[in-house]
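Engineer: My request is simple: use the sequences and hints to build the entire structure.
First residue of the sequence shown: 5, per this note's numbering; consecutive thereafter.
Any given hint could turn out to be false.
Claimed, not checked - What follows is a list of derived Cβ distance ranges for each label pair:
(1) Ser38 - Phe74: 16 to 22 Å
(2) Val21 - Ser63: 16 to 22 Å
(3) Ala22 - His62: 36 to 42 Å
(4) Ala22 - Glu61: 31 to 37 Å
(5) Gln64 - Val21: 31 to 37 Å
(6) Val35 - Gln86: 17 to 23 Å
(7) Tyr19 - Leu66: 30 to 36 Å
(8) Glu83 - His31: 28 to 34 Å
(9) Asn29 - Thr76: 17 to 23 Å
(10) Val35 - Arg78: 28 to 34 Å
(11) Glu83 - Phe40: 15 to 21 Å
(12) Tyr23 - Thr77: 14 to 20 Å
(13) Asn17 - Gln64: 33 to 39 Å
(14) Glu18 - Lys70: 24 to 30 Å
If you're looking for bench data, these hints aren't it; they were derived computationally from the structure. Just so it is clear, the structure is predicted and the values come from calculations on it, not from any experiment. All residues carry an ideal CB built from backbone N, CA and C; glycine is no exception.
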Amino acid sequence: MGHDAISLKSGWNEYGVAYGRPTENVHIRRVTLSAFSGSTLAFGSEMCGGLSNVFVEHSQVLDSDKGVQFRTTRGRGDETTQLNTR
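Structural biologist: Have a look at this one:
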């Protein structure tokens, strides 16, 4: 088993800052997620490029300790915009 079911990232430390490109236009739809360790849906911690326009709909979480988790640490984060769930 892996750590997270889905993990969105956008660049690590100085490389993510230098490249400066967000993870964007992600549509997660009609999935059943399970993670025995970690999260079913994780954002980060490598987020130096940012995150934009993420849409999660008609999805469910089963048998997991953590549903959605935002991870960050000092120096590893940028703007997160337009995160939508339904």
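Engineer: Taking the hints in turn, state whether each one holds.
Structural biologist: Okay, the hints, checked on the actual structure:
no.: 1; hint: Ser38 - Phe74: 16 to 22 Å; in the structure: holds (20 Å)
no.: 2; hint: Val21 - Ser63: 16 to 22 Å; in the structure: violated (31 Å)
no.: 3; hint: Ala22 - His62: 36 to 42 Å; in the structure: holds (37 Å)
no.: 4; hint: Ala22 - Glu61: 31 to 37 Å; in the structure: holds (34 Å)
no.: 5; hint: Gln64 - Val21: 31 to 37 Å; in the structure: holds (35 Å)
no.: 6; hint: Val35 - Gln86: 17 to 23 Å; in the structure: holds (20 Å)
no.: 7; hint: Tyr19 - Leu66: 30 to 36 Å; in the structure: holds (35 Å)
no.: 8; hint: Glu83 - His31: 28 to 34 Å; in the structure: violated (20 Å)
no.: 9; hint: Asn29 - Thr76: 17 to 23 Å; in the structure: holds (21 Å)
no.: 10; hint: Val35 - Arg78: 28 to 34 Å; in the structure: holds (32 Å)
no.: 11; hint: Glu83 - Phe40: 15 to 21 Å; in the structure: violated (32 Å)
no.: 12; hint: Tyr23 - Thr77: 14 to 20 Å; in the structure: holds (19 Å)
no.: 13; hint: Asn17 - Gln64: 33 to 39 Å; in the structure: holds (34 Å)
no.: 14; hint: Glu18 - Lys70: 24 to 30 Å; in the structure: holds (29 Å)
Checked against the numbered hints above, the structure violates hints 2, 8, 11; every other hint is satisfied.
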